[in-house]
Structure formats: C-alpha cells, structure tokens
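For the sequence shown, the working numbering assigns the number 541 to the last residue and increments by one with no breaks.
Rather than coming from a laboratory, the hints here were simulated on the basis of the structure.
Computed from a predicted model, the values in this text were never measured in an experiment.
Hints may be right or wrong, so weigh each one.
[Said to hold, decoys possible] Derived DSSO-like pairs (lysine-lysine); straight-line CA-CA distance at most 30 Å:
#1 K158 - K91
#2 K1 - K91
#3 K48 - K131
#4 K48 - K1
#5 K357 - K301
#6 K131 - K312
#7 K495 - K1
#8 K1 - K417
#9 K131 - K158
#10 K308 - K202
#11 K526 - K495
#12 K463 - K365
#13 K312 - K301
#14 K532 - K131
#15 K463 - K353
#16 K365 - K308
#17 K202 - K158
#18 K105 - K91
#19 K158 - K1
#20 K105 - K131
#21 K131 - K495
#22 K91 - K463
#23 K308 - K353
[To be verified] Computed Cβ-Cβ distance ranges for the label pairs, DEER-style:
#24 I516 - P456: 41 to 51 Å
#25 A341 - A437: 51 to 61 Å
#26 Q467 - E335: 18 to 28 Å
#27 E127 - H97: 32 to 42 Å
#28 I68 - N511: 35 to 45 Å
Even for Gly, the Cβ is constructed at its ideal location relative to N, Cα and C.
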Amino acid sequence: MLTQLHIRNFAVVKTLDIEFEQGMTAITGETGAGKSIALDALGLCLGDRADADSVRAGAEKSEVSACFHVQADSPAQQWLIEQEVAAEDECVLRRVVTREGRSKAWINGHPVTAAQLKSIGPWLVNIHGQHEHQLLTREEHQLKLLDNYARHNQLTQAVAAKYEHWYQQRKALRQAEQQQEELAARRELLQYQVQELDEFALAEDEFETLEEQHKRLANSQSLREESSFALNALFEGEHNNAFSLIQNALERLREQVELDPQLQSTVDLLTESSVQVEEVARELRNYQDNIDNDPERLVIVEQRMTQALQLARKHQVEPAKLTQKHQTLNAELSALADAQEQNDVLAEQVQQAAAAYREQALQLSKSRTKAAQELSDKIAASMQQLNMPHGRFVISVEHRVDAPATRHGTDAIQFLVTANPGQPLQPLAKIASGGELSRISLAVQVITAAQQTTPTLMFDEVDVGVSGPTAATVGKLLRQLGSTAQVICVTHLPQVAAKAHQQMMVAKQTDGSETTTTMTPLTNSDRVIELARLLGGDKVTDTTKANAEELLAG
C-alpha cells in the first residue's frame, strides 16, 4: 500500500508531504484547487511522460517520491527481487524532472528507467480516471476487464504462448517456402546436370585410364616397331645380339676361372645378366602379342575422352575431377530434396500448432463465458443500486473458431446493457445518456477493482454525473472496497467523502506573487466543516453542519 508521497516544486505545489493509511481516503477541495495533484505526481513516479511544464515556475527541477509497503510474497516484491532492487518490505519510487525536460528515476536508491517504473506500476497502484467510461466502450478494454476479473492468467498466458509458437512456425514455413521458390531454378539446373552426368557415368580414375588407352592405341605401330627392334637387339637378331654376345663372353671367362678364381664374381654377374636378357625377351614377345591395334576401339576412346573434356569445361573443373564434381552436384540436389521434405514437416507442424492454439483458445473462452455470467450479474445488481432499478447488463462472449488468431484468443467480447424496461440490450457504446454511462462505468470499476490483487486503488472523480441517494451508494461501495484494499478517492460529493475512513482537503493559496497548493489531513471536526461546505457551497450554516454530522454518523 501507499504510505507516503513527497512532492517538491511540482506544478503549483512547492512542498507537500502526505501520509496515507489503510482503508478508504477521500480527497476533497474546491474546484480548481488541484485535487488530482497527488494522482498526477504519483503518475510521474509510475513512469508517466516527464514534461518540463510540470516543474514549478522559478524552480530548476521538480522531485516526487512515493513510498509503498510491499508484502513479502507479493508480485511487487517478486519484481523487485528479479530486478535486484529489493529493500525488505519497502519500495520507494523517486523521479526528478529538470527545467530542460530531462528526467532521472530511482527505485530503492537504484537508478532505473521510466520503462521499469511503468513495469512495476500495475503491481503497486491501479488508477481509475474520471474518463474511464470512455475506455469502457472499447472492446479491447472490455476484454481486459473481463480477463482481470476472471483471474485466469495461466490461461491467457498459455493462449499467448500457443499463439507465439504458431506464429513462429508459420514464419519459419514462409521463409522455407520463399527459399524453395528462389531455389527452384537451381534445382531444375541441378536435375539436368546430374542426369547428364549420370548418363555419362564416368567412373573414378576412368579418365586417367582413358588417357593411357588412347596413348597406346594412337601409338601402337611405333610401340610394335620399337619393341621389335629391342627384341632383335637383345635376343633374336641374327648377328651380335646381346644374348649371344654375353654367352660368348661367358664361355671364354669360364675357361679362365680355373686360372684366376677372382673372375668367378664376374662370371656370376654375366650369368645373371644372361638370364635377365632372356626374361626381357620373353616380356617383349608377350608385349608384342598384346599390342592393341584396334582403330574402332581408338575411336570409342577418343569419343569418350572428348565428351569428358566437354563436360569438364562446362563445369569448370579438370577432367580428372569430373567424378568429384558429379558427387558434389548430386549431394546438393539431395539437400534440396531434403529441404522440400522439411517443408512438408514444417507444414505439418504449423497445422499442429494451429490446432493446439485453437484448443487452448477454446478453454480460455469457456473460462471467459463463466466469468462473464458472474460479472454480468454483479454489475446488473450494482446498476440497480445506483438508481437504475430496471438495469440489465450482459457480457457477450462469442467464440469464433475461424476468426483470425490473436495472442488474446478468438473471442468477440461485447458489453450489452439496457437501463429501461422494454428496451433491448444494446452495445455500451450506443448508450445516449452520459449519466447512465458514468454510473455503469462506476459499477464496473468498483466490482472489477475488488477482484484485483493491486494493494492500492485510486479513483479520480469517477462519481461525476452521480448525485443524491446514488452518491451515498457509491460511497458505500467504495468503503466496502476499502475493507480489503487501500482506496484513495478524489471526489466532489459529500455523500462519498463521508463514507471514507479518513479525509484530506486540497486548498489553493496565493499571496499575489505566487500560488501554492496544500493537502491537509482533516480531523473529525474539520471533516464536518468540509462536508458542510460541499453540501451548501462556500456558506456553512448550522443546517449544513447538522447534515454533515448526519452523513458522517451514517
């Protein structure tokens, strides 16, 4: 709850220190005195836009700080812990605005941003303004009120999570489909190239083999002639072939070994050479027998080499690397095929995410429908208390299965109302009477506020358009609300102010050169005078004082 509010050089306030208590506090004062100054200053602490015009004339800066007592297990305390700015059971918000319009903010002495102030605000204070009825006619605000009343945060969060998951799945599928469209031409080219290489079917190291075959076939005559010459020179020549010369040398040297044994090693070498020459001769005969002199085969080899060279140039690789290129292209084509299969998987996941979202949205809709019936009955009863005896109020929850998905579900929420017998229910926005709309808005605010976990509720002249017995009912409702939460109410109605547990009066003073606003807690006797003023205007009489005492006693 709000315990203290300190204001320095803010608007027409020079210095103001206010202490607040539990229960209902009424703030009253003359028109134009600045009854809403405390709410405006508190709004600055809660992250409202900093404006240089809020700095008091003649001052260099304005400063506002608000002190709250927070429960150990409250959402506000959890937020403070998460942000690492906790300070036991206290939360102090401080905001400074300079004449140049620059601002600084602190929470429990730690520098923070205005966004952080806004973030913690809803856990500390809920402010209901006098123009709340204007928001009440908007469907998105009606939905927010209903969800807050239902307290089904887990359901709304689950729907939002399912929506986000569905959205991300659809996004991924769209991106994948776009990529598929962009790669369609590439896939078509790859299919042609891979098919061409498949048909050519060049084996690993085949080109090197083709080159070897081509050399042999193209030079078969030369190979035959030169191998014949070598065979004759080594073995088959009629005169002086190498084998016969070695044999003659061996015969002579063998005769000399007996004379000089040192020649034996030479004889051995020549013997080995003779055997090797004879072996070479056999190899040459076999080689000659196997020399391929096949012109048709040469044509076939040349054609395959030519095709391999053409494909290599097309793919800008060496012919020997054409097989590797074939494998690379095939792998890329397979990857594209896998991507298409992945698209099919993504499409299935999108359908599953959509079904999960729709199911979760249906569960949320059922909860809303149940809460809508309960809230409708309470608001209708409150309308009747607020001098609308024939008032009817219905919250319509239309679940649309095929409606566009949103993170809030697919329900169409509409507040329907009729104030007079015989009139059909119609949307709240079509109510012609401003007074009726104001009272309905007040009923909605009070009832929905009672369901909220925010410890402090502020009402800024929400009783505009209300008077007489209805005003007393409004005061009674706010006092009941103050039994479970801290209620701070800015009002101009004595019937409402009299129901408060405590009352403060705002006054504007001037000495001719400057104007200041003060806010003073009232004693019981002071309250009688203030209520008498509200009842009879500036003139306080014994009658108005008696009426004021009666209001306080009631």
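Evaluated hints:
1. K158 - K91: 40 Å, violated
2. K1 - K91: 20 Å, holds
3. K48 - K131: 37 Å, violated
4. K48 - K1: With a Cα-Cα distance of about 11 Å, the restraint between K48 and K1 holds, given a limit of 30 Å.
5. K357 - K301: Violated, because 72 Å separates the two Cα atoms, which is more than 30 Å.
6. K131 - K312: 62 Å, violated
7. K495 - K1: 11 Å, holds
8. K1 - K417: Violated, at about 44 Å.
9. K131 - K158: 28 Å, holds
10. K308 - K202: Distance ~20 Å between K308 and K202 Cα, so the pair holds.
11. K526 - K495: Cα-Cα ~18 Å, so holds.
12. K463 - K365: Cα-Cα ~16 Å, so holds.
13. K312 - K301: 11 Å, holds
14. K532 - K131: 43 Å, violated
15. K463 - K353: 33 Å, violated
16. K365 - K308: Judged against 30 Å, a Cα distance of about 83 Å means the pair is violated.
17. K202 - K158: Judged against 30 Å, a Cα distance of about 60 Å means the pair is violated.
18. K105 - K91: At roughly 14 Å apart (the allowed maximum being 30 Å), K91 and K105 satisfy the hint.
19. K158 - K1: 55 Å, violated
20. K105 - K131: Within the cut-off at roughly 18 Å; holds.
21. K131 - K495: Roughly 38 Å between the alpha carbons, so the hint for K131 and K495 is violated.
22. K91 - K463: Not OK: K91 and K463 at ~40 Å, beyond 30 Å, violated.
23. K308 - K353: 67 Å, violated
24. I516 - P456: 41 to 51 Å: Once the Cβ atoms are compared, 24 Å apart, the range 41 to 51 Å for P456 and I516 is violated.
25. A341 - A437: 51 to 61 Å: 38 Å, violated
26. Q467 - E335: 18 to 28 Å: 55 Å, violated
27. E127 - H97: 32 to 42 Å: The hinted range 32 to 42 Å holds for E127 and H97, with Cβ atoms some 34 Å apart.
28. I68 - N511: 35 to 45 Å: 41 Å, holds
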